[in-house]
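So the protein lines, in turn, are chains U and W.
Reminder that position 39 of the first sequence reads as 39 in the working numbering, one-by-one numbering, no gaps.
Reminder that position 455 of the second sequence reads as 455 in the working numbering, one-by-one numbering, no gaps.
Some hints here could point you the wrong way.
[To be verified] Below, in silico cross-link-like pairs of lysine to aspartate or glutamate (DMTMM-like), each with a Cα-Cα straight-line distance of 25 Å or less:
1) W:K332 x U:E26
2) W:K2 x W:E435
3) W:K205 x U:D2
4) W:K205 x U:D30
5) U:K69 x U:E31
6) W:K2 x U:D106
7) W:K151 x U:D143
8) U:K124 x W:D107
9) W:K455 x U:E31
10) U:K228 x U:E163
11) W:K151 x U:E31
12) W:K332 x U:D30
13) U:K6 x W:E493
14) U:K219 x W:D338
15) W:K444 x U:D45
16) W:K28 x W:E159
17) U:K137 x U:D2
18) W:K445 x U:E13
19) W:K332 x U:E28
20) W:K572 x W:D542
21) W:K455 x W:E493
22) W:K317 x U:E138
23) W:K205 x U:E28
24) U:K118 x W:E159
25) W:K443 x U:D106
26) W:K564 x W:D169
27) W:K370 x W:D360
28) W:K443 x W:E485
29) W:K151 x U:D106
30) U:K137 x U:E125
31) U:K228 x U:D185
32) U:K137 x W:D107
33) U:K137 x W:E57
Source of the hints: derived by calculation from the structure; they are not laboratory data.
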Amino acid sequence: MDIILKIRRFNPETDTESRYQDFRIEAEPDERILDVLMRIKRFQDGTLGFRKSCAHGVCGSDAMRINGKDRLACKTLVRDVAQHGEESVLIEPLRHLPVERDLIVDQTAFFERFRSVKPFLINKEPPPERERLQSPKERMAFDDATNCILCSACFSACPILEENQSFLGPAAVVQAFRFLADSRDKGFEERLPVLNASDGVWPCQNHFECTRACPRAIKITKRINETKRMIEAYQKSQSENK
Amino acid sequence: MKHTFDAIIVGSGGSGLYAALEVSAKAKTAVLSKVYPVRSHTGAAQGGISAALGNVEADDPRWHAFDTVKGGDYLVDQQAAMLMAEEAVQAVYDLENRGLPFNRTPDGRIDQRRFGGHTRNFGEAPVRRACYAADRTGHMILQTLYQQCIKNGVHFYDEYQVLDLALKDNQCAGVVALQLSTGEIHVFEAKTVLFATGGFGRMFKITSNAYANTGDGPAICARRGIPLQDMEFFQFHPTGIKGLGILISEAVRGEGGILRNNRNERFMARFAPTLLDLAPRDMVSRAIMTEIRSGNGIRGDRKIDDYVHLDATHLGKETLQSKLPDITDFCKTYLGIDPAENPIPVLPTAHYGMGGIPTDTHGRVVIDNKGTLIHGLYAVGECACVSVHGANRLGTNSLLDLVVFGRRAGRHMADYVNHGDPAGIATDATDFSREWITRLTAKKKGPHGGRIFDKMQRTMMEKVGIYRTETHMARAVGEIQTLRERYMMVRAEDRRNAFNTDLLELIELGNLLDLSLITAVSALNRRESRGAHSREDYPDRDDPQWLKHTLARLEKDDVGLTYKDVDVSLWKPKPRTY
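Construct the entire structure; sequences and hints are all you get.
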């Protein structure tokens, strides 16, 4: 069947503002939107700019807005967005990050926030000769948070970031939670200043847009709330100890 | 723009990041990567990383080394395999200590599972050797190493495409790279350079490889006169999702999954009576293609796109969800089926290049049979050939290769920068790169790369695939040579500077064409069947003639071949049965 991809284009060297361009193309219902974009690029218009790599939802390169939802182009099938042919599918870059070209956004701000939560195991005790022990239950406590591929879909979906551009954002909190909930990690106090800042975890108001957008099925909103509870519990124990 | 470092790492997958951690602690280091580091294809590795920890049953590094040698059909350099198996144990503990969230046994140790070709006591029965984190082991390794790089302040140049290597006599002087965001050409002067650019599976039509896997490092080395080793050995993974090539981990069979034909028969019982579905990948892929050709595929029409079933329905929802969650997700997303209820339609998919830039066990690039080095130049991971995988890699040994040899190369580089003087980069170092890009972006009419890309992938898939013959491969060589001529006329439609991904694709295409030619010529010349190189006209392994590594040199439009000895100092080659 034929579908129309309505793609938002922007080239900083020639354009002052973005514009939409229609591409009419034959597509199979089982194809990925990324397959269709690649065919446009290789056979219709080589100037179309987008990122891609693994093509099966594990590298996080091709997050974009498809019909207004933040998704991976390689995890969205044509039949998910067009059933009958002749439909128009809207393709736009992610929000809350500057567009560098067409569907390519500058993720510097996203990765800066990720780095700010110290996303690495903090444990100053020397490791044993073999592995550090961890029970299966302790391991599963942070399981879904380890799935994050840093694609920025949640960052784009977050309604808080529309008004407060300095909010830490969903992915960075998930990445912090991944370590806070790891029985081997001792870095809670080191991460606290960033998480407990006014732009840290607190601006989140449970809209659940991040959870809906996550292509890795992470319960992001829940993890943010759990992080808030950890901070509150810590503050309570601190004040009781005084 | 010109930059000066002690050490440059090209590539930010598992091996590049591990090397970067080691060398950056002691020398001024930068990592160049065509993608953001967490996007590298190491992240797509699923099933596990092998090490004889013995956490769930008795194991021994010597058994691991032997399995690696036999799995590689005796083309493995045996001391290198032994070293990898021995260092595997500490390497896995190091990853755990750095935070990697392995699945655990009830007593809190790293859990281990079965994988193809890994056995106890030199082939007796399958052994649980693969340490794993669900079916996302590669993702966890990549994340853990990147986390450590952040902690240690490693300096990254993200989205820089390497274009060329600068050599001065037999010494490395640096690299030339294209900054994708601006189109600017940069010179990175360095005493030592490591290529860790990953695989080149995109030369084939159906592949598990990422778009980024275009063999940039090996292609650059080949154009600079460095031979590539054993390029005829390319592994087809038995279980890719039919039509798409997306990998369905061997861990599905490690957990008990079974391959079945249209009679619902467990056909591997006929091909590998002891290891059954856990035989090495080359054998399972051939078994699948043999079934399909005999009319035993699910459709039964004997066409090359017929398929077989991977049955995991008996594993139960709980095992699938806890140990194979991503596989379950892929099946639901791309096939609309739940593997707990329906068998998965699978077909072999181009997966892993055993060959690459020849190195020793420190990652140093060695260019001939006499041990001649390119001083300061290193390669690790899939782009390199140590050779620990020989003619066919065992599952889980790729992640191990990255970690063990990434660390060894990084340490050796850190030491190397303290000795001798830098070669100094020549003023004309960027000439080749500039001419290449100028040609591709010239305001002239020329064919676009899309059709050439498509034709190259079809040629390699159909004529240099699982089963090979003289006639087909000779035709492939001719076709690839024609495509390389047409490539000289190709022009990018996009002539802008910022994020010119059209130009990037053409650069990648040029690399893949060079590697396709080398692969096809190396394969055509090897008149035997060994591991993944399976010839219908020479069906047997021929040790007297062919127990040797290929060294293939790109000589303009042709490829010159010489050969190199295999280290068989530990185990005498024997027939390979399972």
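task: Hints the structure violates: just list their numbers, smallest first.
output: 11, 17 and 25
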